[in-house]
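Enquirer: So that you can map any letter, position 167 of the sequence shown is 423 in the working numbering, and since no number is skipped, the others follow by simple counting.
If you are wondering where the hints come from, they were derived from the structure by calculation, not from laboratory data.
A few of these clues could be false.
[As the list claims (entries may be wrong)] Here are the computed lysine-lysine pairs in the DSS-like style, where the Cα-Cα straight-line distance is at most 30 Å:
no. : residue 1 : residue 2
1   : 474       : 290
2   : 369       : 290
3   : 340       : 474
4   : 369       : 416
5   : 369       : 340
6   : 336       : 474
7   : 380       : 340
8   : 462       : 336
9   : 482       : 336
10  : 474       : 416
11  : 448       : 336
12  : 290       : 340
13  : 474       : 380
14  : 380       : 290
15  : 448       : 340
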Amino acid sequence: MNLTNPSFFDLSRYAHAALFAAGEYPWQALGRLKRYMAEYPWPHIPWPATPGPLPATLVLHDAMLLEATDLTIEFGDATKGMLKVFRGGTLLEGASVLMAGTVLAGGPLSIGKGVLVESGAFIKGPAIIGDQSEVRQGAYLRGHCLVGARCVVGHVTEVKHAIFLDDAKAGHFAYLGDSILGNEVNLGAGTKLANLRFTGGDVPVKTPDGPISSGLRKFGAIFGDKAQTGCNAVTNPGTVLGKRSIVLPNTTVPSGWHTSNSLIR
């Protein structure tokens with residue numbers, strides 16, 4: 257039984273691999289997420305001083321915020337590098353777009369290159385959003401959200417104290433509390449990752465060899481690389497899914513460890 261980070265994630269290209277020690281359990285990264293973000297070298301971006309909805313679309317390019325008035329924006333799929341911003345006929349390489357109506361609620365914020373944040377998204381720092389990711393209309397980032405490259409935080413998806421590795425997607429009506437999505441994880445619409453026990457106390461991880469204490473009072477789920485859920489799936493607190501596991505639609509996943517390539521129905 258191997259429950260250490262290398263058995264769940266390929267971290268060779270992840271910008272925040274320092275969060276994950278090779279010999280540790282993956283949920284230990286959640287335990288140090290707040291400290292990691294407190295010590296993060298936040299870029300010096302002149303974000304609006306007053307929290308609230310943006311009155312106009314802004315473009316972030318070369319650590320500067322530009323008004324979109326004299327710019328042309330092509331709203332292609334950001335995760336495929338198709339979001340493009342032009343000044344005159346010149347492409348602004350790596351420009352990111354925060355649409356009018358995006359709510360910035362204070363706290364440090366880092367936005368990578370080629371990111372699209374749609375109107376109505378609510379972002380409370382600290383939050384890190386990696387290159388070519390999309391934060392879609394109605395998304396709610398509640399703080400201590402670490403989003404990798406080419407990820408999707410989708411329509412009416414709520415994320416709190418959670419980590420997305422690269423290419424992870426929670427596209428529609430999802431809830432992710434105190435959870436980690438591995439590379440290329442995809443959550444079907446309506447997936448909910450519950451993170452708090454009714455009976456209180458730390459959330460254990462059940463294994464064939466007995467429970468392992470997570471040391472976390474709030475702990476949702478760990479999804480290994482390429483795991484996925486069908487629509488309206490629910491995971492109980494302390495669910496740990498191995499790589500390439502599949503949860504069928506309308507399934508409630510029992511808490512505990514599920515081996516790689518599991519089919520849960």
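Enquirer: Against which earlier hints does the structure fall short, listed by number upward?
Expert: Of the numbered hints, 3, 6, 8, 12, 15 do not hold.
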